[in-house]
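Each of the two chains sits in its own frame; use the hints to bring them together as a complex.
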Amino acid sequence: GAGVSQTPSNKVTEKGKYVELRCDPISGHTALYWYRQSLGQGPEFLIYFQGTGAADDSGLPNDRFFAVRPEGSVSTLKIQRTERGDSAVYLCASSPNAGGRDTQYFGPGTRLTVL
Amino acid sequence: AQSVTQLDSHVSVSEGTPVLLRCNYSSSYSPSLFWYVQHPNKGLQLLLKYTSAATLVKGINGFEAEFKKSETSFHLTKPSAHMSDAAEYFCVVSDNYSSASKIIFGSGTRLSIRP
Numbered sequence: 001g002a003g004v005s006q007t008p009s010n011k012v013t014e015k016g017k018y019v020e021l022r023c024d025p026i027s028g029h030t031a032l033y034w035y036r037q038s039l040g041q042g043p044e045f046l047i048y049f050q051g052t053g054a055a056d057d058s059g060l061p062n063d064r065f066f067a068v069r070p071e072g073s074v075s076t077l078k079i080q081r082t083e084r085g086d087s088a089v090y091l092c093a094s095s096p097n098a099g100g101r102d103t104q105y106f107g108p109g110t111r112l113t114v115l
Numbered sequence: 116a117q118s119v120t121q122l123d124s125h126v127s128v129s130e131g132t133p134v135l136l137r138c139n140y141s142s143s144y145s146p147s148l149f150w151y152v153q154h155p156n157k158g159l160q161l162l163l164k165y166t167s168a169a170t171l172v173k174g175i176n177g178f179e180a181e182f183k184k185s186e187t188s189f190h191l192t193k194p195s196a197h198m199s200d201a202a203e204y205f206c207v208v209s210d211n212y213s214s215a216s217k218i219i220f221g222s223g224t225r226l227s228i229r230p
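Heads up: the protein sequence lines correspond to chains A and B, in order. Numbers 1 to 115, taken from the working numbering, label the letters of the first sequence in order. Numbers 116 to 230, taken from the working numbering, label the letters of the second sequence in order.
One or more of the hints may lead you astray.
Once the Cα atoms are required to be at most 25 Å apart in a straight line, the calculated DSS-like pairs of lysine-lysine come out as [claimed, not checked]:
#1 A:Lys11 with B:Lys173
#2 B:Lys184 with B:Lys173
#3 A:Lys78 with B:Lys157
It is worth saying that the hints were derived from the structure and are not from the lab. Since the model is a prediction, treat every value here as computed from it, not as a measurement.
One chain only, chain B, in its complex shape (with noise of 0.2 Å):
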């Protein structure tokens, strides 16, 4: 079975720290695992996401999240928030060989910029 669990429901930085929102993932088979945001009044937007690939992997914006297996961890961060941050973030969780029943969403932590 699988889960997510989005460690923080909100986060709020000042504007040029470092951001760091966090994923635990549970999956029994080779996860694949992603980063959505959501604006307000937008869809949701991928940030990156990681099929087994490289651990590190970039995303948009300045974005970059690292899969750990040993921690189940999928932490995304950003060395220097800018205000434009300010939005939902998701992650996600599914089984590279699955159908799209697997791919889970977590509750979503919400990034706040103080400047």
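Excised from the complex, chain A in its bound form (with noise of 0.2 Å):
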């Protein structure tokens, strides 16, 4: 079937501008999580949501950066004002549940560049 999906695969943008980078979950999974990965680094975790809902977003790095899945099952992540700082990989997860036994499915990532 279907694995998640995340679209742009690239992105490079200016200093200042914002940016929507999108993700489409394995469908019928509830839990969907979003990562950044720098160069060299694994995944660092930002948010997830359990259906509609942000159950914990206490890795969002400040207020320029915020999620939405207004119906459960898309994901969108937005950043207003990027920097140089905000260029990585990220990455979205999903898996039919939320908890820290279960299996996560990644897509292939969003690679954002900011110049």
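This is the structure:
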């Protein structure tokens, strides 16, 4: 079946601009996660949704970052006033349920470059 | 508090020889442990996971890992390396009963295979 998809695969923007990154999870998965992966590092948790609500957003670095999942399926990560330090690969994952035992299924990521 | 340490940032082996990727963890509670693989320009893929059942866990592509509580280790092994195993490998720890924010990725080990 279809896996997790993310669009765009690459995004180049200028400092100060606004960007939106989209994630389509596996159909039926109630939990959706966003991570950020900088070069040479492991993924770092940003936020996760259980259904439509953000169950934990403690990983968002500051208030320039925001994410929504209005219908409990597709999610959008929004970054305002982008900075060069926001350049990274943004990963989305979904799982049937949320919890420490559950396998997360990852998308290919969106590579964001802020010039 | 949880943490995970991947002891080698880069491992290089010859094709057909054994692979050992080392991972040590710290967890206050009963942990779940995962190994994910990331091929270039591909999404993270689950290799195997331990969630408090059998301590020797077999995964895909001939990989296996053993949970050793006394050593707080979860090393990944494969008897005979194949060229297609070249990738980045991440060890992940989470608490069995916690939310997603407690999922911690290691910094990764890059595996290279020499012909």
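Would the hint linking A:Lys11 and B:Lys173 be met if the CA-CA limit is 25 Å?
violated, 38 Å
Is B:Lys184 within 25 Å of B:Lys173, Cα to Cα?
holds, 17 Å
Next pair to validate is A:Lys78 with B:Lys157; report whether the Cα-Cα distance is within 25 Å.
This hinted pair holds, its Cα atoms lying about 23 Å apart.
Consistency note: the structure conflicts with earlier hint 1 alone.
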